[in-house]
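Colleague: What follows is the residue order along each chain.
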Amino acid sequence: MRIGLEVHVALPTKTKLFCSCSSHAKEVNSSICPICMGMPGSKPMLNKEALRLAKSISLGLNATVNETTSFIRKVYFYPDLPKSFQITQLSHSIGIGGCVRIGSKTVGIRRIQIEEDPAKIIREDDYTLLDFNRSGVALVEIVTEPDISSLDELREFLTELRSILYYSGINISEEVKADVNISLDNERVEIKNVTGVNNVIAAARYEIDRQGEIIRTGGRVRMETRSYDETSMKTVGSREKETEEEYGFIYEPDLTDFDSGSIKADKPIIASEVAGSIAETYGLNLQTLRELSLFDMGSLRLIQLGVVKDPKAAIGVVESLKKLGRMDVKDDVFYKLIENAARGLQITADILGRIERDETVSGGAKGIDQKAIDDDIIDTINKRQDLLIEYRTNKKVFNFLVGMLIKKYSASPRYVAERLAALLDSRIDRAE
Amino acid sequence: MTSIDEFRSKAIPDGYYSDLTAELEKLNGQLNAFNGINRLLDSGYPFSVKDNICVKGVETTASSKILSGYVPPFSATVVDRMVEGGFGFLGKTNMDEFGFGTFGINSERIARNPFNSEYVAGGSSSGAAIATSLLRYHVAVSESTGGSISAPAAFCGVVGFTPTYGLLSRYGLIDYANSLDKIGIMARSASDIRYAFDVMRGQDDYDTTCVSTTPTSERKSRIVVITQLLDGCDKAVVSSFEKLLDRLRNSGYRIDYVDVDFITSAIQAYYIISMAESSTNLAKFTGFKYGYKLDRFIEPYNEFFTEARDVFGPEAKRRIILGTLVRSASVRNRYYSKALKVRTMLINKLKGLLKEAFILSPTMPILTPKVSEAKELSPVHAYAMDAMTIPPNICGFPHISFPYDYVGGMPLGAQIISDHFNDYAVMDFVSEWEKGFDYRFKYNLGAL
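Chains as they are written, first to last, in the working numbering: chain A, 1 to 432; chain B, 1 to 448.
Rather than coming from a laboratory, the hints here were simulated on the basis of the structure.
Ideal Cβ placement from N, Cα and C applies to all residues, glycine included.
Among these hints, one or two may not hold up.
[Claimed, not checked] These stretches of chain B come out as covered by chain A in the derived footprint (C-beta under 8 Å, 3 or more residues):
1) 67 to 75
2) 171 to 185
3) 207 to 215
4) 288 to 295
5) 300 to 309
6) 318 to 331
Bound-form chain A, shown alone:
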């Protein structure tokens, strides 16, 4: 099975790719000018910020950045395309020949190209409207090699790609748009314009089943373009004629060759690699680290700061801060939180606030009163001997006690649970 993707993502530039219109206007057709409307006589001007972001993505995808990059015209007639050609890139794309590592496998990246978005088509029952606010918005298209060979790999690849895009400064809350190419035998089927990771996977799953069924029953898969219907969760054949696409590419003569080398762009952090090396060095759970860091720059930064102090406590603090939405804590506060967590203190909004205000927290610098907790537990066990019998079979009672102790001592759940279990176990052992 061979799956390849063409992923489109919007670049977060303030202005459009070839003019100074805002990329983020709300009111329809309010952010337009002669350039993005393709008026006769207008010419494109390249947005350097788009070039920088695309270069950064290319570096993140381990691609070769072309020393000079240039554009081409892709000609086709459609009402959303004001010039009847799209300015995009091909052989002199910003990035060529990269790869993305997922687990032990490598997915090849053929090309990273910069291009303009067409206008938005709004279809109504008996008419169609066009919103040119989107016309000329900067996009990057990432074309992979057909190296993905299972749905799991597809999901992993999309996660990894989105993480790299996130660390390149792309707003990944906007859904990716992708064309998905799938072939089980020789013929390639392209599913056009699928929006969102879940839909990409669902479309691929449907298409794999569909092609598999055709092959099992002795049929031949036809090379075609299909589209994905989100409601029925099926791919459907489009009515377009099955001819080789002919766009009549020529190079874009209004845009000179750009010296990509002179554009300063950094390779983004590859969070999965950083998480992997931290997990290995400090013996931490990789999955937890990935969940915390793949799409959270602040989290990754704190993890890197914290693991050198106290790996386990640091991860606990980052988890708490993530719940509290407070990845912005100052470094010294973060270090104090780790110290307190190491002593078993549960990091709550209240505790965080007190540490930030430089107030003493319960138990002062010593953290929580460990002896008081132990005494309390022993006292409780003495009063309720039934606990000794029930706790191994009935978790409810145990959890209730943990909850009570957390509240009473501002202690962390892990610490309280550990102490309670240890003391109960020691009493049971003794009883036996």
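Starting from the known structure of chain A, fit chain B onto it as the hints suggest.
Modeller: Frame of chain A; chain B shown alone:
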């Protein structure tokens, strides 16, 4: 002293501009120089603008029906700079539709030669050349892709300057072939051209290909004549041209004949590149948002724009079809890619010659044809008439066509070429020529 300085030193009588535009209107009925005359003009040194260059608020059609009624919401950078420089906008000049033509006959209203209206004015900047020939005080902002300034300048007996590609901003120029299009100037003297050139040149953020380089004026004492170019010329043209060479020898130039055997391939390369680019540029005209509009929005889009695009003239249609062919995947390597290689080869070859010399040739290989004769030419024969003007245009070299003789009452033009950015040198060359040669004009409208 330039005509511009002279004009500005004089007292302009009341009613000067209204009388001028009225006279012009009258002649325009016979010669078709203007697509529109600005009757509101009341100050400044008059300048006209080729109708493929946008002037805010003024109908701009590139002489094409598909743009009829199109009023651009912005002006070309060069137009803004002329107005800021104290020039007064006189009107939009006629042209071959979208610049597709050598004679000025590919327009709804055929341009006529001011020396004799039976003859062609040349194209595609036909109206610019006619206006320059009619008006005593005037400069024409025009445009050349493959010879659209030189050809009409030669047939109408005016000075036509095409600068180094990239020195004048193309922002606001309705594209024919973007990698070849150059805005240029026609006037009655090289010094007037230099004045307007300095007003308009300079970097423009709105045109990425426009550069801020200051041109040089490196005089060459050697002139190269490319034999293959002369071989294609009519005898009458050659014999006149040889007299010009004698005069130049007498004034101290060394004349060398040089072979550039593949220079004739420049015509094919030019038409392939220009048609490929123009077929993409014309794709935007779908009768949808501006200019000629169909109101039957009920039709499917393919049927809709196909019907609208029927109003293109025959030459525009020919170039759309051929241009679409040469860039299609199956033949791109045979045509488009090869044409780009020929262009590079030619630039390298001619650049070598231009290091130490100017290149000089007749501007056109024939004497001015009658309108009826030009209409008889097949497309291939018509394209062959650009043999001399294409080489500097495809290479982006600065060049000027200037009048050097009159045969049967009609002017003859020669074309002087220099290396990239040595633009002032060709102007200096022509200024030097003007000291010993008087240009003739049949009209002197607006003389003071």
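Colleague: So, for every hint listed, does it hold in this structure?
Modeller: Hints versus structure:
1. With 5 residues bearing a CB less than 8 Å from a CB of chain A, the region 67 to 75 of chain B meets the requirement of three and the coverage assertion stands.
2. For the region 171 to 185 of chain B, the stated coverage by chain A is satisfied: 8 residues place a CB nearer than 8 Å to a CB of that chain, which reaches the threshold of 3.
3. Coverage of the region 207 to 215 of chain B by chain A holds in this model, with 3 residues showing a Cβ closer than 8 Å to a Cβ of that chain against a need of three.
4. Taking a C-beta to C-beta cut-off of 8 Å, the region 288 to 295 of chain B contributes 4 residues in contact with chain A, enough for the three needed, and the coverage statement holds.
5. Three residues within the 8 Å Cβ limit are the bar, and the region 300 to 309 of chain B against chain A gives 3, so the coverage statement holds.
6. For a cut-off of 8 Å, the count of residues in the region 318 to 331 of chain B with a CB near a CB of chain A stands at 4, and the three-residue condition holds.
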